[in-house]
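K.L.:
Take a look at the letters that make up each chain.
Number of protein chains: 4
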Amino acid sequence: MTYKIAILGASGYTGAELVRLIATHPMMEIVALSGDRKAGMEMAEVYPHLRHMDLPALCKIEDIDFATVDLAFCALPHATSQAVIKELPPTTKVVDLSADFRLRDPGEYEKWYGKPHSAVEIQKEAVYGLTEFYRDEIKSARLVAGTGCNAATGQFILRPLIAAGVIDLDQIILDLKVAVSGAGRSLKEHLLYGELEDNAFGYSIGGKHRHLGEFDQEFSKIAGRDVRIQFTPNLIPATRGILATAYVQGEASAVHYALADAYMNEPFIHVLPFGQAPAMKHVRGSNFCHIGVVEDRIPGRTIVIGTIDNLTKGSSGQAIQNANLMLGLDETMGLMNVPMYP
Amino acid sequence: MTYKIAILGASGYTGAELVRLIATHPMMEIVALSGDRKAGMEMAEVYPHLRHMDLPALCKIEDIDFATVDLAFCALPHATSQAVIKELPPTTKVVDLSADFRLRDPGEYEKWYGKPHSAVEIQKEAVYGLTEFYRDEIKSARLVAGTGCNAATGQFILRPLIAAGVIDLDQIILDLKVAVSGAGRSLKEHLLYGELEDNAFGYSIGGKHRHLGEFDQEFSKIAGRDVRIQFTPNLIPATRGILATAYVQGEASAVHYALADAYMNEPFIHVLPFGQAPAMKHVRGSNFCHIGVVEDRIPGRTIVIGTIDNLTKGSSGQAIQNANLMLGLDETMGLMNVPMYP
Amino acid sequence: MTYKIAILGASGYTGAELVRLIATHPMMEIVALSGDRKAGMEMAEVYPHLRHMDLPALCKIEDIDFATVDLAFCALPHATSQAVIKELPPTTKVVDLSADFRLRDPGEYEKWYGKPHSAVEIQKEAVYGLTEFYRDEIKSARLVAGTGCNAATGQFILRPLIAAGVIDLDQIILDLKVAVSGAGRSLKEHLLYGELEDNAFGYSIGGKHRHLGEFDQEFSKIAGRDVRIQFTPNLIPATRGILATAYVQGEASAVHYALADAYMNEPFIHVLPFGQAPAMKHVRGSNFCHIGVVEDRIPGRTIVIGTIDNLTKGSSGQAIQNANLMLGLDETMGLMNVPMYP
Amino acid sequence: MTYKIAILGASGYTGAELVRLIATHPMMEIVALSGDRKAGMEMAEVYPHLRHMDLPALCKIEDIDFATVDLAFCALPHATSQAVIKELPPTTKVVDLSADFRLRDPGEYEKWYGKPHSAVEIQKEAVYGLTEFYRDEIKSARLVAGTGCNAATGQFILRPLIAAGVIDLDQIILDLKVAVSGAGRSLKEHLLYGELEDNAFGYSIGGKHRHLGEFDQEFSKIAGRDVRIQFTPNLIPATRGILATAYVQGEASAVHYALADAYMNEPFIHVLPFGQAPAMKHVRGSNFCHIGVVEDRIPGRTIVIGTIDNLTKGSSGQAIQNANLMLGLDETMGLMNVPMYP
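Each protein sequence line maps, in turn, to chains A, B, C and D.
Sequence positions in the first sequence follow the working numbering and run 1 to 342.
Sequence positions in the second sequence follow the working numbering and run 1001 to 1342.
Sequence positions in the third sequence follow the working numbering and run 2001 to 2342.
Sequence positions in the fourth sequence follow the working numbering and run 3001 to 3342.
Any given hint could be a false lead.
As the list claims (entries may be wrong) - Facing chain A, according to a computed beta carbon distance under 7 Å, are these residues of chain C, among others:
1. VAL2180
2. LEU2196
3. GLU2266
4. PRO2267
Rather than coming from a laboratory, the hints here were simulated on the basis of the structure.
Positions of the beta carbon are idealized from the N, C-alpha and C atoms, including for glycine.
Extracted from the complex, chain A is given alone in its bound form (with noise of 0.2 Å):
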């Protein structure tokens, strides 16, 4: 017997890396993919390198019967997704990967996303799904919302720090390096090979990008307090993986043993000897993340080093980790695939 899967938005990135992992997953079973525009287009179409698989051809959403669904991942745009999910069947299990249901706060909502959320009595359901940290109440759950990808890395490196209590909370900066395949495959010009080969350069600088919702919003209830952190993301010539310094003020051994201690069962998340640090390439096409500690030469200062692969472990190997949780299954099933290295 396996669990019968929809995706909802398959012709992105994140809709295709699902298809990629599920493909192995021995659980789960694709039984609908719906894409809008490519309604009626096979998946090897839109993604030929997933040619030799039998997979169901796109379709509308409308077109598919949700009774035969087990869960249903949603890699819709922002907005389309709470449009569509406030419509499906309230029996349907959900994982969420867009942004609609990471805020509990719709005012906060509004401010970051620009307009007012339309399905407020189920944003209140729904859970916040960072894996490691909200596990009992994925377990449970109807409605997962999956978290930004950069803002997954960026607290699986500071929610131990800010738990155990082992820094300056007023003096946190997070300076990422992101990879191209986080913006998706839209058309803009400053994704193009040209534009970006040889190139970097930050966005959203300043306190601008979106995924600051999300650490205001969890680091404050962590903290207790009003959190608020420096965040500014920087684009590289990269197609996969966030790597995010943080830098910090604590001890660089009560940092290190604060993440050790967090993670010390965790099947994905690996901090690695103290005073060592993690490279992107190490965790591309896997759900791992790595964590390193730097004690700086300025005593009380310390560099904390986290990556993972944004389109696994930060939206779609997250979004099968909750999943499997939601059906009662190992959370690591399907999900141990080795990083692709070199």
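Given the coordinates of chain A, work out where chains B, C and D should sit on it, guided by the hints.
P.N.:
Here is chains B, C and D on its own, set in the frame of chain A:
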């Protein structure tokens, strides 16, 4: 029950790729990893992307108890490989990834590799490891010689055409675009990032590349006469993959039919609809091969394009496919992972 | 005294490359830059790497006073170019970088570009801009049609061989490895960084590429009979450059002699010593062309490899070289900058 | 009349970059190129992109007649440089590109470079080569010590802020994204294409990078007290360029004013309008530096971003700028070439 696997020469790229693929293979277990100069080191020190795995430390070959090993992959450099394999117990099944046992004729070996073969007796016994064409011999073989990665790509697109007699045997041109990992992890100036970015150049041009020994041997055997092709590999700024363009003289429809017919039931080789061409990234990280056939505007001229991942279908994936057969397992076991895209 | 230059269609890559090269040209001064959809914007908004320059703002073509312009570079899209150029004052010298005036025969134009030519009269007058071969006509021309970048590369390596009669005219195969900037700054999915990294694929395979119109016209003219070559361009993950591999049938020594002889006194075209092959990056950013000749192991077969930067020698550099001649300047003026390596 | 130039250590990337820039310099002529291990070779054998140039062959340093040399660029490795320079005729003007003469204090040199300085007397005499800040001393200097490329970038964005007193000196964090050519043409595993593609990682993290010696020396001197910054360089998959992100505590408007004011008349340093950020590729191949200032959402926090090409403004371009001053030439001579984009 699982089969006990040793990897000799595990510190190179093909060794790391074997570890990646075996990690999710349901019937193989790695019991020994050798790396002479790195003996004593943990595999995770050499390849931190394997950090989460529970692997034996690197050891010297002489420290492996081959009585407990069901099959050894030999990923050693050319020449070293023959010296090592001739000292292994004659009952140990071996898949060799080097060039040492690919050529039947010791004279040809000496011609292409510049020194006499030192294990001529076992050279006789070795089976050429192009699975799709030597399946039966491989099943009962003790020693299988993995093919060259360029040689595999060229043969996938040309063997059925030579066998079917649909092309002119004296007018075959093979132009390859190859990624850099085919050269291994060796420290050479032209493999540096700064040298290869925005670069492309042919090498071993004009009939000097050693994989021609394999082409000559195999194509002549199929044709029943001497066949000599033109073959030029070109290094391009990419890490994994080979895109092979063959210019042949023969009717495109007959060419396409010969290929489609030959690979109709092959799980890993996919012939595209007539007129379509494959892209290198569509097979990256996988054991698949995509082949396309396009008719030229000049009557009687046809372009055949094939692509594989040099580290997977071109070496370590092929090796596991062969090992599956040698161990009586399903040929595709552990090899159906989906290409990583993007 | 300097010559007053207008660039029509300055917002594309060839426009930007013209600005880059003219910036250090001692006898040219940019007086007008057009960019219809971007009229009113500063060039530095479109191309911030030009920030330090004192350039006119982008304007509409109709706002340029051509009485004050000595020479106009026309870097507009195909079809637009002919519509614009036929309205320019007949005294304005023009170097067109589009495909509109490359083909002598209106029938051929319609065949390759899919619609009738709308400026047949001035099409007759245009001189084909492959400087090394049309030098005298260019000196006195009013309108010069810049060549296709692929067409330029192929002609540099093949014209002298056809002229010298040293190769079989019915057995010419041209395989190109081309960087992405040849496709311009257009928003197309296959030009995205995430799609092209670790990728390579042929396009317009089998005789469909429009530059074949130029090859057919020029090679047939030289040979005095119809010549049809096979031509396949392959996109590779690089930004600038074309590496052209020609497979020809003829004695390598005669081929090398024909090329060395043809280019002996050419400032930009360098024929390497016999047996050496060029690398794409060795000409990047410059107006140089490197050509190598290698003998195949099959007697009578020869590989000729040539490389240029598609944006420089393949379009904007060539355009300035032609403009120098049209203005009575030294042909190399402003074009001797050294390739950028690494 | 031109000045006669020798380049000692011409076979590295900075040597090649000096040749590239001097090639179009109207007042410099290369008369000698040394390369000890490659003595006797032509420069075009080491760097085929220089094939078209008429350059002296590589020689040994002792074979150079310094009586005929007006100025020597010394692009030798650290430690070698001091040994060579102390043997040069005391009348020869020298621009050193190594680290050997950057630090005033021999104790600091030993601390960062691990052994005592062997030319302490001429160390005293050397002028620090950050042109915009040592212009007058450089004009009359005999020996100028080129800065580290990371050190230059960091100083361009931070010096005016420290001088103007607009930021907290104890809260300066500098996160660099650096391209690979800064490491030179050395054969190291992490510099291989296959290792760096899709990768990113910090190195010399936590205060271990040698360029901190320069920051400490210069910033403390400006401030009149000890200043210690946090500095982490991150290698990214790119060939040329440094993008430096400084996190400072001070009013953004005051920060922007201090920078705009400091560089108002500088030909190579461009401060962007308030709120805009630079991109690394916008200065590639040129001697320009772009600087942007963005206000953070947290009051009193500011992000300053600067970018240069490490081989040009960060080393060889800076060296020529300094040589121009030392020879009484216009400071910008030969350095106004436009960045290469795309």
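K.L.:
A separate judgement is required for each hint: does it hold in the structure or not?
P.N.:
Checked hints:
1. At its closest, the beta carbon of C:VAL2180 sits 5 Å from a beta carbon of chain A; the interface hint therefore holds under the 7 Å criterion.
2. Because the closest C-beta pair between C:LEU2196 and chain A is about 4 Å apart, less than 7 Å, the hint holds.
3. Here the hint on C:GLU2266 is broken, as its CB sits about 29 Å from the closest CB of chain A, past 7 Å.
4. Here the hint on C:PRO2267 is broken, as its CB sits about 28 Å from the closest CB of chain A, past 7 Å.
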